[in-house]
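Construct the entire structure; sequences and hints are all you get.
What follows is each chain in one-letter form.
2 protein chains.
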Amino acid sequence: MAAKLPAASDFTETTVSSELVYDGGLLKVRRDAVRLPDGHDAWREYIVHPGAVMMLAFKSDDTILLERQFRYPKHRHFIELPAGKLEAGEAPLNTAKRELVEECGYEARQWWKIATIDPSIGYSTEVIHLYGARDLHHVGAKLDAGEHLETFEAKIEDALQWVKEGVITDTKTTFGLLWWDKWGRFPE
Amino acid sequence: MAAKLPAASDFTETTVSSELVYDGGLLKVRRDAVRLPDGHDAWREYIVHPGAVMMLAFKSDDTILLERQFRYPKHRHFIELPAGKLEAGEAPLNTAKRELVEECGYEARQWWKIATIDPSIGYSTEVIHLYGARDLHHVGAKLDAGEHLETFEAKIEDALQWVKEGVITDTKTTFGLLWWDKWGRFPE
Numbered sequence: 326m327a328a329k330l331p332a333a334s335d336f337t338e339t340t341v342s343s344e345l346v347y348d349g350g351l352l353k354v355r356r357d358a359v360r361l362p363d364g365h366d367a368w369r370e371y372i373v374h375p376g377a378v379m380m381l382a383f384k385s386d387d388t389i390l391l392e393r394q395f396r397y398p399k400h401r402h403f404i405e406l407p408a409g410k411l412e413a414g415e416a417p418l419n420t421a422k423r424e425l426v427e428e429c430g431y432e433a434r435q436w437w438k439i440a441t442i443d444p445s446i447g448y449s450t451e452v453i454h455l456y457g458a459r460d461l462h463h464v465g466a467k468l469d470a471g472e473h474l475e476t477f478e479a480k481i482e483d484a485l486q487w488v489k490e491g492v493i494t495d496t497k498t499t500f501g502l503l504w505w506d507k508w509g510r511f512p513e
Numbered sequence: 326m327a328a329k330l331p332a333a334s335d336f337t338e339t340t341v342s343s344e345l346v347y348d349g350g351l352l353k354v355r356r357d358a359v360r361l362p363d364g365h366d367a368w369r370e371y372i373v374h375p376g377a378v379m380m381l382a383f384k385s386d387d388t389i390l391l392e393r394q395f396r397y398p399k400h401r402h403f404i405e406l407p408a409g410k411l412e413a414g415e416a417p418l419n420t421a422k423r424e425l426v427e428e429c430g431y432e433a434r435q436w437w438k439i440a441t442i443d444p445s446i447g448y449s450t451e452v453i454h455l456y457g458a459r460d461l462h463h464v465g466a467k468l469d470a471g472e473h474l475e476t477f478e479a480k481i482e483d484a485l486q487w488v489k490e491g492v493i494t495d496t497k498t499t500f501g502l503l504w505w506d507k508w509g510r511f512p513e
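If you're matching them up, the sequences are chains A and B in order. Number 327 in the working numbering belongs to position 2 of the first sequence; there are no gaps in the numbering. Number 432 in the working numbering belongs to position 107 of the second sequence; there are no gaps in the numbering.
Some hints here could point you the wrong way.
Only pairs whose alpha carbons sit at most 27 Å apart, straight line, appear in this in silico DSSO-like list of lysine-lysine [stated by the list, open to error]: (1) B/K329 with B/K384; (2) A/K384 with A/K329; (3) B/K399 with A/K399; (4) B/K399 with A/K410; (5) B/K329 with B/K489; (6) A/K438 with B/K399; (7) B/K489 with A/K489; (8) A/K353 with B/K410; (9) A/K480 with A/K467; (10) A/K410 with B/K422; (11) B/K353 with A/K489; (12) A/K480 with B/K329; (13) B/K422 with A/K384; (14) A/K489 with B/K480; (15) B/K399 with A/K353; (16) A/K384 with A/K353; (17) A/K399 with B/K422; (18) B/K422 with A/K489; (19) A/K422 with B/K399; (20) B/K438 with A/K507; (21) B/K489 with A/K438; (22) B/K438 with B/K489; (23) B/K384 with A/K507; (24) B/K507 with A/K489; (25) B/K353 with A/K399; (26) A/K410 with A/K438; (27) A/K489 with B/K438; (28) A/K329 with B/K329; (29) B/K480 with A/K410; (30) A/K438 with B/K507.
Bear in mind the hints are in silico, worked out from the structure with no lab data behind them. Note that the structure is predicted; figures quoted are calculated from it, not measured.
Right, here's the structure in full:
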């Protein structure tokens with residue numbers, strides 16, 4: 326049982342008006358006029374994101390699937406847990422099932438929810454749902470056009486060592502690995 | 326010693342042209358024409374971010390500073406490690422020192438680098454440098470206009486429990502806490 330949180334002030338910022346200021350192919354930027362808790366006016370700019378999933382997909386109790394792909398904003402390749410964005414109206418678990426097939430080529434007979442995290446709270450609405458997937462069987466990947474990545478298997482202990490050494494720096498992936506290392510248990 | 330990474334394909338995407346498509350008060354969005362590894366053309370949209378720091382600031386060996394603030398994109402309060410963005414030309418360690426005073430009101434006599442992470446590799450250039458800070462002395466906070474937050478002290482064990490319970494979901498903060506829990510050592 327954790328300690329109770331300390332008494333907390335209310336810093337709520339209320340929306341006065343909201344405008345879609347950039348409507349791109351990938352990114353939607355909103356800029357809202359807000360009222361601060363001290364009564365002053367301000368503005369907030371942020372990305373409207375559909376939400377995402379990532380998966381700890383277990384090939385065995387100590388081995389998971391990882392992906393390696395080029396991430397253009399950073400101009401280098403990254404090692405990541407399999408992940409993907411929600412389509413409109415899609416339930417997160419269905420996104421996870423769809424992406425595990427599309428990107429990695431696997432279906433899983435057992436799925437369970439692990440955690441939910443917020444990756445960029447300063448400027449994005451994004452939320453990431455982490456699922457576990459087990460009892461995998463290969464059905465073949467179906468990458469989107471323009472999507473280039475490769476999937477490989479790794480021992481969780483090796484992946485954790487890559488976090489320690491700074492080889493894995495994708496923050497969502499470090500969370501999934503470290504969370505599982507500390508608290509992970511397979512469901513009944 | 327971790328396992329070697331598997332043999333890896335080159336998925337590099339090369340820049341054909343780059344355009345600043347939204348130049349806001351906080352967010353800068355670029356849209357680049359790129360050449361994919363298969364020779365096809367595509368585009369990539371992303372946020373250009375100046376980079377950021379966060380701090381594990383130790384009040385004692387088992388107690389750190391945390392912040393609680395309202396994050397408008399998510400419309401709720403979050404518990405976070407102290408953090409802040411680099412100003413133009415600022416070295417990350419200097420940002421860390423500046424933000425620890427401005428937000429929390431502390432100077433530290435000992436600083437050390439812990440890790441570097443990439444929080445939103447799909448759509449942002451952001452990098453976060455994690456520092457440790459020890460031997461704190463209170464000099465008084467200097468919050469920016471429009472910045473409302475409160476600092477409090479917490480046992481690392483309690484903060485980890487809040488991660489487990491989903492009370493702390495800010496991904497950078499979960500990384501800092503879990504990394505330190507697994508590998509943290511104070512420097513000599």
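Hints, one by one, checked against the model:
For the hint pairing B/K329 with B/K384, the CA-to-CA distance comes to about 38 Å; that exceeds 27 Å, so the pair is violated. Simply put, A/K384 and A/K329 have alpha-carbon atoms about 38 Å apart, too far for the 27 Å limit, and the pair is violated. Pair hint B/K399 plus A/K399 holds up; C-alpha atoms about 25 Å apart against a cutoff of 27 Å. Taking the CA atoms of B/K399 and A/K410, the gap is near 17 Å; set against the 27 Å cutoff, the hint holds.
Proposed proximity of B/K329 and B/K489 is contradicted: the alpha carbons are some 31 Å apart, above 27 Å. Between A/K438 and B/K399 the alpha-carbon distance is near 21 Å, which keeps this suggested pair within the 27 Å criterion. Between B/K489 and A/K489 the CA atoms are separated by roughly 21 Å; this keeps the pair inside 27 Å, and the hint holds. About 22 Å separates the Cα atoms of A/K353 and B/K410, which keeps this hinted pair within 27 Å; it holds.
In summary, the hint linking A/K480 to A/K467 is supported, as the alpha carbons are separated by about 25 Å, within the 27 Å threshold. Taking the CA atoms of A/K410 and B/K422, the gap is about 36 Å. The hint is violated against a cut of 27 Å. With a CA separation close to 32 Å, the supplied pair B/K353 and A/K489 exceeds the 27 Å bound. In summary, the hint linking A/K480 to B/K329 is supported, as the alpha carbons are separated by about 11 Å, within the 27 Å threshold.
Straight-line distance between C-alpha atoms of B/K422 and A/K384 comes to about 44 Å, which puts the hinted pair past the 27 Å bound. For the hint pairing A/K489 with B/K480, the CA-to-CA distance comes to about 23 Å; that is within 27 Å, so the pair holds. The hinted pair formed by B/K399 and A/K353 meets the criterion: a straight-line CA distance of about 15 Å does not exceed 27 Å. As the CA atoms of A/K384 and A/K353 are separated by approximately 37 Å, the hinted pair breaks the 27 Å bound.
Only pairs whose Cα atoms come within 27 Å are accepted, and A/K399 paired with B/K422 is accepted, the gap being roughly 26 Å. Restraint check for B/K422 and A/K489: satisfied, since their Cα atoms lie roughly 24 Å apart, inside the 27 Å limit. Of the pairs offered as hints, the one joining A/K422 and B/K399 holds, with about 26 Å between alpha carbons and a cut-off of 27 Å not exceeded. Using a Cα cut-off of 27 Å, the hinted pair B/K438 and A/K507 holds, with the two alpha carbons roughly 23 Å apart.
With a C-alpha separation of about 13 Å, the suggested pair B/K489 and A/K438 falls inside the 27 Å cut-off, and the hint holds. Between B/K438 and B/K489 the CA atoms are separated by roughly 26 Å; this keeps the pair inside 27 Å, and the hint holds. In summary, the hint linking B/K384 to A/K507 is supported, as the alpha carbons are separated by about 24 Å, within the 27 Å threshold. This hinted pair checks out: B/K507 and A/K489 have alpha carbons roughly 9 Å apart, not beyond 27 Å.
Of the supplied pair hints, the one linking B/K353 and A/K399 holds, its CA atoms being roughly 15 Å apart against a limit of 27 Å. The suggested pairing of A/K410 with A/K438 holds, with an alpha-carbon distance near 16 Å, which does not exceed 27 Å. Of the pairs offered as hints, the one joining A/K489 and B/K438 holds, with about 13 Å between alpha carbons and a cut-off of 27 Å not exceeded. At most 27 Å may separate the alpha-carbon atoms for a hinted pair to count; A/K329 and B/K329 exceed this at roughly 43 Å.
A distance of roughly 35 Å separates the Cα atoms of B/K480 and A/K410; the hinted pair therefore is violated under the 27 Å criterion. For the proposed pair A/K438 and B/K507, the alpha carbon gap of about 23 Å is at most 27 Å, so the pair holds.
Consistency with the previously given hints fails for numbers 1, 2, 5, 10, 11, 13, 16, 28, 29, ordered from lowest to highest.
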